[in-house]
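Q: Sequence:
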Amino acid sequence: MATILIVDDDPTFVHLLTNLIASFGETPISATQGASVFQIMKEEQVDLILLDIYMPIISGMTLIKQLKNHKEYQHIPVIMITGSGNISLMTECFEAGASDFITKPVSPVVLQARLSSILEKQKDIARLEKEITERKKAEAALRKLSVAVEQSPDILFLTDAQYRIEYANPKCLTITGYQLDEVFKQKPTIFQAPNSDSPKYDHIFQTVSKKGTWKGKICNQKKNGEIFWVSCSISPILNDQGQLTNYLSIQEDITDRIKAEYILAQQTISLKISENRLRTIIEATADGIVVVGRDKHIHFINPAAESLLGQPAKKLLGELFQYPLDSQKTTEIIINRPEAGEISADLQVVETETDDGPVWVASIREVPQRTAKLIPEQPTEKVINSQLQPHDCLLNDGHKHASNFLSNISHEFRTPMHAILSFAGFGIKKIHQAPPEKLLHYFEQIKLSANRLMPLINDLLDLSSLESGKLPFKTISQDIVPVILSVIQEQQKIANEKHISITLCQPQCQTCAIFNKNGIIKVIRNILQNAIHFSAEQSVVSVEITNDSKDNRQWLRVRISDEGIGIPENDLINIFCKFFQCEQIQHPSGGTGMGLAICKHIILEHGGNIWAENNPDKGACFSFTLPVTVEQ
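For the sequence shown, position 287 (counting from the first letter as 1) is numbered 287 according to UniProt numbering, and the numbering increases by one without interruption.
Don't read these hints as lab results, they were simulated from the structure.
A portion of the hints provided could be inaccurate.
Calculated pairs, DSSO-like style, for lysine-lysine (alpha carbon to alpha carbon, straight line, at most 30 angstroms) [what the hints assert, rightly or not]:
id: 1; residue 1: K498; residue 2: K522
id: 2; residue 1: K187; residue 2: K222
id: 3; residue 1: K215; residue 2: K259
id: 4; residue 1: K185; residue 2: K211
id: 5; residue 1: K171; residue 2: K430
id: 6; residue 1: K200; residue 2: K223
id: 7; residue 1: K144; residue 2: K217
Input sequences plus hints: build the corresponding full structure.
A: Here it is, written out as structure tokens:
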């Protein structure tokens, strides 16, 4: 039902039109002068105006011009009414913006036809304007969507119902390296990495067509053959009839995350291997090792500690640790064993931080000479003790060396292990939040600490294997010169940092001997590293090969000499002892006193000899011999 405004100064004519319009089913309202039209239109929603041309004050012609110049009302159709059918007047009305023109007297049939025609046209115009508005909104939304798709950091592509690509966004083309014309109408299998266990695109599309959206990880391949991983979502697109017309794939490049997870897994495996090796060492060591938690209760105990404490692990685990946990010094303790009596021991403690709080690693080593003093001495024992006194001195030296070793090795183990545990913990907690570069930093720190720890573990294992005879050497006759040159080349970079020159003197003798290549490389490497470490800058380290004859056998001698600080005379006799470090140099070196002991074991396994001496001018000289001929 439309609202029609009748504007005419003749009340009788207005009344006639009002009745007619009401009979047409429309709503009539009226005004008898042009001045009131705008006020009425502010109050009523007018759909059409019947306007008399000739009116006092404001004529119909003036009023229509005002209406058509008004932004809010210019769209309302106006039918002009006049008593004359003058052509020029009709033309003027249409030029002013009238939609139609009728003359008095008004025919009801003509009026209804004109009104219906114009109102229907207005409905069409309104409908069209609405469609245009909605289309513009849709186009604006589409433009926004298009910009979002074009600028999306994710890979997007659209396929038809037969899985053929109809569109791929710029990110898809940038990452894969393809041009749009290369992938158009191709199946997404063009991106599929061959020989991959990840789901195949054809199978995924079949699943989507039956079950809806699929999500998962896919291994893709770029045009240049490079592999990359994506987190993928593939969804069906249906038309108004519910028919599947397209598939939309949205993929996020997660290659960095996959690599980070792989590196973390590898680091975890390496850490587990290191942990197992460390556990093997702890289980095999003669020292008692006890791990005490923040609650001061025992969480771990090795077999040696069971023996020293005189009780089995199952009884000690969970019990309160009864001795002081002072990490600043070595503590002398008396252990009262239920069935084996009292012993005296040294207790050393290392404190470290974990996610669960502080943990103390306690090392217990019996001191036999102090234990002996706990037992009342009988007269006959005095003679025995006097005979054992020289051996006690050696034993004291051994304990001193071992104590120094334990102090150093505790530090060497604690620092990298603490770093490994800390950064591994960070990585595990933040694997899904931290950016790849942050995770990479964690992995680099873990690797750095593991690299620092591995030589120490390897030395301990090698020393243990050599002492137990579980590391037999297969020897063959071979030239030692290439072996020496390879180690010199390996150490040259470190030497260059101190501007140290390493020279191999031209041999004037035969250079073949019977030896194991890997074992002798370890010996030469250790001696060269020490020579470089203790030499001053811009000095020379020289290697010399000579022949000796002893015990009816021919020997090859290798002599490595440096211009460093030398070795204190009173330390020369102990330099190859296990755990020994020179008092003057142990702190700067940062070693644990196992390297030369390993060298000695290796040379003795070859049947040769190794010794150290000081050069007449300055520096130290290490020599070892290897057999040239097989012992008869």
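Q: Identify every previously stated hint that the structure contradicts and give their numbers, smallest first.
A: The structure breaks none of the hints.
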